[in-house]
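Going line by line, the protein sequences match chains A and B.
Note that the numbering used here has the first sequence beginning at 31, numbered continuously upward.
Note that the numbering used here has the second sequence beginning at 31, numbered continuously upward.
For the record, the hints were derived by calculation from the structure and aren't laboratory data.
One thing to keep in mind: the hints can contain errors.
Since copy identity is lost for identical chains, a pair holds within one copy or between any two.
In the SDA-like style, the derived pairs of lysine to any residue whose C-alpha atoms are separated by at most 25 Å in a straight line are [claimed, not checked]: (1) K376 x P96; (2) K351 x R51; (3) K376 x I389; (4) K344 x E357; (5) K351 x E33; (6) K199 x L395; (7) K68 x E175; (8) K68 x E48; (9) K351 x D55; (10) K426 x H242; (11) K344 x N314; (12) K415 x E135; (13) K351 x N147; (14) K415 x I389.
2 protein chains.
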Amino acid sequence: MIEVAVMGYGTVGAGVAEVIRMNADAIARRVGDRLHVKYILDLRDFPGDPNEGLITHDFNDILQDPDVSIVVETMGGLKAAYNFTKEALLAGKNVCTSNKELVAEYGVELRTLADQNNVNYLFEASCGGGIPIIRVLNSSLTAEEIEEVTGILNGTTNYILTSMAEEGKDFDTALKEAQANGFAELHPEADVEGWDACRKIAILSSLAYGRHISYRQIETEGITDVDAVDIAYARAINTRIKLIATSRREEGGIWASVAPMMIGKENPLTAVDGVMNAVMVKGNAVGTTMYYGSGAGSLPTASAVVGDVIDAAKHLHVSIKSDYSAEELTLMPVGDVARSFFVRFKGLASDARKLFGEISDLTKLEGHDGEIGFLTEVMPEKDFKAKAASSDQVIKWFRRGKKEEK
Amino acid sequence: MIEVAVMGYGTVGAGVAEVIRMNADAIARRVGDRLHVKYILDLRDFPGDPNEGLITHDFNDILQDPDVSIVVETMGGLKAAYNFTKEALLAGKNVCTSNKELVAEYGVELRTLADQNNVNYLFEASCGGGIPIIRVLNSSLTAEEIEEVTGILNGTTNYILTSMAEEGKDFDTALKEAQANGFAELHPEADVEGWDACRKIAILSSLAYGRHISYRQIETEGITDVDAVDIAYARAINTRIKLIATSRREEGGIWASVAPMMIGKENPLTAVDGVMNAVMVKGNAVGTTMYYGSGAGSLPTASAVVGDVIDAAKHLHVSIKSDYSAEELTLMPVGDVARSFFVRFKGLASDARKLFGEISDLTKLEGHDGEIGFLTEVMPEKDFKAKAASSDQVIKWFRRGKKEEK
Chain A
31 MIEVAVMGYG TVGAGVAEVI RMNADAIARR VGDRLHVKYI LDLRDFPGDP NEGLITHDFN
91 DILQDPDVSI VVETMGGLKA AYNFTKEALL AGKNVCTSNK ELVAEYGVEL RTLADQNNVN
151 YLFEASCGGG IPIIRVLNSS LTAEEIEEVT GILNGTTNYI LTSMAEEGKD FDTALKEAQA
211 NGFAELHPEA DVEGWDACRK IAILSSLAYG RHISYRQIET EGITDVDAVD IAYARAINTR
271 IKLIATSRRE EGGIWASVAP MMIGKENPLT AVDGVMNAVM VKGNAVGTTM YYGSGAGSLP
331 TASAVVGDVI DAAKHLHVSI KSDYSAEELT LMPVGDVARS FFVRFKGLAS DARKLFGEIS
391 DLTKLEGHDG EIGFLTEVMP EKDFKAKAAS SDQVIKWFRR GKKEEK
Chain B
31 MIEVAVMGYG TVGAGVAEVI RMNADAIARR VGDRLHVKYI LDLRDFPGDP NEGLITHDFN
91 DILQDPDVSI VVETMGGLKA AYNFTKEALL AGKNVCTSNK ELVAEYGVEL RTLADQNNVN
151 YLFEASCGGG IPIIRVLNSS LTAEEIEEVT GILNGTTNYI LTSMAEEGKD FDTALKEAQA
211 NGFAELHPEA DVEGWDACRK IAILSSLAYG RHISYRQIET EGITDVDAVD IAYARAINTR
271 IKLIATSRRE EGGIWASVAP MMIGKENPLT AVDGVMNAVM VKGNAVGTTM YYGSGAGSLP
331 TASAVVGDVI DAAKHLHVSI KSDYSAEELT LMPVGDVARS FFVRFKGLAS DARKLFGEIS
391 DLTKLEGHDG EIGFLTEVMP EKDFKAKAAS SDQVIKWFRR GKKEEK
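Please model the complete structure; the sequences and the hints are all you need to start from.
And the structure:
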């Protein structure tokens with residue numbers, strides 16, 4: 031019997047207890063032993079809950095019980111989660127987490143600590159919910175030099191953008207509806223401002239390129255300024271607006287960004303709708319691969335946590351090696367990245383050409399007289415921004431994925 | 031230095047040597063040691079080839095060299111590949127293969143032999159080329175009861191069906207063009223008759239459900255009978271015809287099949303075109319996940335082989351555990367599976383209703399007077415076939431994925 035403690039009995043923590051219960055036999059076959067949840071740490075009581083008897087309010091119950099070899103951290107937040115994780119690792123317990131904030135902020139330190147104590151700090155569930163993207167990067171695409179990681183990594187914003195695109199809603203209406211349906215939180219800033227996606231792409235990029243990347247370096251823009259007119263333009267030029275978290279290795283270095291972008295049929299992420307997530311990984315040998323699944327939700331995320339618990343159970347006192355340096359990588363400025371831009375412009379196409387040179391996909395929307403939309407040629411972002419800033423005719427703009435890309 | 035021998039210097043074998051060369055530094059970082067190709071076994075000579083000096087015609091050079099700890103088998107075929115693999119494992123060498131025929135036929139025996147000799151027999155490249163689907167099933171979705179595995183697992187047939195759908199070609203023309211472009215072999219039977227996809231779904235299903243499934247049990251139908259009229263009907267009812275390899279756990283047991291099917295937008299495989307492959311895996315906790323990438327080609331397939339070589343190099347004398355029983359699983363007959371069928375029918379809708387009951391998506395194609403196409407209600411395949419066989423008005427039919435499926 032392998033004893034597990036779950037810290038945080040919210041959506042994911044409850045899912046972890048449930049997956050361990052419902053798939054107990056399959057899990058036992060794979061581990062070669064049975065998993066058993068001995069404690070659930072939460073500040074609240076859960077009268078009437080089937081796991082009521084396992085609830086403790088005292089972390090020391092877990093820390094001081096030598097039977098507990100694996101601790102699940104599904105508390106979220108930084109301070110308490112950090113302290114408990116650190117103490118658990120120091121006590122020789124494996125920790126499996128879904129907490130992307132903690133992994134993005136203290137992952138390097140906690141992994142080093144785990145290594146030093148011959149245990150594991152595993153975080154498959156921190157990115158992409160049930161999509162096994164961490165293990166793909168750590169254990170599968172090991173023969174590759176990774177050239178790009180691009181994903182739709184936040185279910186809330188993808189749900190909002192999908193309902194704006196499919197039902198013509200504006201942002202506020204779509205957000206309210208997402209909140210009513212449980213797909214957005216009451217305080218949705220971390221999602222709609224792109225902070226959640228930013229932490230996830232920082233984690234994935236660190237693994238992909240083998241060096242620590244701080245999320246603070248990543249230029250991040252959310253979807254709060256996307257309006258129904260933008261969505262209509264996107265449709266008119268055969269694209270969709272998606273919140274794209276991306277990083278890429280180029281000649282000048284590695285860059286990363288989170289921003290709403292217009293992407294077209296050439297990109298397999300375009301068809302990813304609703305709360306689904308997907309990650310595209312490009313390697314220099316394998317080419318383009320893509321991984322798709324539920325990016326959130328109780329059972330999908332719990333499935334990823336329990337996958338880590340199983341891995342930890344098979345390696346109770348062996349640190350699983352992965353290629354990851356604590357040395358921080360300095361990103362190349364996004365301003366140096368060349369691409370095409372979609373521009374909403376007040377004026378004539380001839381004015382736009384004077385400012386930007388060649389333009390394409392020239393579009394006029396009904397009911398928006400005096401305004402045009404178009405794509406620029408590929409140019410470095412800082413050059414584009416300088417041109418855009420020099421004119422009061424530019425209403426707003428979006429990044430467009432390179433059109434030639436497959 | 032870890033010494034590697036490559037058996038078979040064809041498309042994939044040459045790719046393996048190339049990936050080990052071009053990504054040497056990244057690989058060394060991940061393994062903690064450098065990989066070095068010491069021998070390449072092939073019957074041919076390769077005058078002028080950069081690896082000419084490594085060529086040997088004698089398997090004993092590899093077998094008797096104690097320095098060689100990992101053998102790559104990219105020979106294909108059964109007899110020699112089987113003998114060499116067996117001898118290598120018995121000699122305590124790890125074997126990594128792309129040979130799905132061998133894995134489907136002798137995988138159980140060879141894995142057992144590897145276990146007994148504390149080495150590994152790894153076969154990531156046998157299914158889905160560069161898509162890391164084997165490791166996803168073995169190491170990632172371990173918290174799941176897998177309910178379904180469905181894939182587009184053969185690039186040649188997907189290329190042919192895509193060019194039939196997009197350019198209105200008939201099968202023979204599309205096949206000849208695929209041969210001219212190097213996407214189909216001169217003797218294309220293994221691909222177009224579905225045998226290749228059959229072996230792959232047998233391997234994937236064995237891993238997914240944890241019991242050996244013989245490919246001989248799997249009802250397999252290729253694409254040679256698909257014609258341009260079928261493709262036109264598929265488009266008319268908003269579907270595509272794809273060669274679908276699938277297995278599913280139902281109340282009555284597990285069944286598997288390979289057949290051209292009509293699938294619609296509700297299925298993420300519908301958008302997988304050309305030589306790309308994709309596998310959809312459904313678990314009882316995670317829901318639907320999908321994995322997409324190049325299903326064939328020198329470097330993508332080699333990337334998967336070298337990923338295995340790296341795993342073997344990290345576990346030189348440790349057998350990597352996976353959940354897999356040698357005990358053969360008896361499949362449930364496909365005749366018991368209930369679904370909807372698309373029927374091409376000579377006669378009136380009223381005749382069709384008399385035979386099949388409710389029908390939907392009734393379609394008449396221009397230039398095909400006297401013929402209709404429609405979908406039946408969901409019914410067990412054996413019932414459908416009995417009805418179809420009782421009438422000389424049924425021209426042909428296809429399986430339709432359950433329409434309600436997401």
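Hint by hint, here is what the structure shows:
no.: 1; hint: K376 x P96; in the structure: neither (69 Å within a copy, 74 Å between copies)
no.: 2; hint: K351 x R51; in the structure: between (29 Å within a copy, 23 Å between copies)
no.: 3; hint: K376 x I389; in the structure: within (15 Å within a copy, 53 Å between copies)
no.: 4; hint: K344 x E357; in the structure: between (29 Å within a copy, 23 Å between copies)
no.: 5; hint: K351 x E33; in the structure: both (24 Å within a copy, 21 Å between copies)
no.: 6; hint: K199 x L395; in the structure: within (17 Å within a copy, 38 Å between copies)
no.: 7; hint: K68 x E175; in the structure: between (42 Å within a copy, 23 Å between copies)
no.: 8; hint: K68 x E48; in the structure: within (13 Å within a copy, 50 Å between copies)
no.: 9; hint: K351 x D55; in the structure: between (28 Å within a copy, 17 Å between copies)
no.: 10; hint: K426 x H242; in the structure: neither (34 Å within a copy, 58 Å between copies)
no.: 11; hint: K344 x N314; in the structure: between (32 Å within a copy, 22 Å between copies)
no.: 12; hint: K415 x E135; in the structure: neither (31 Å within a copy, 60 Å between copies)
no.: 13; hint: K351 x N147; in the structure: both (13 Å within a copy, 24 Å between copies)
no.: 14; hint: K415 x I389; in the structure: within (16 Å within a copy, 58 Å between copies)
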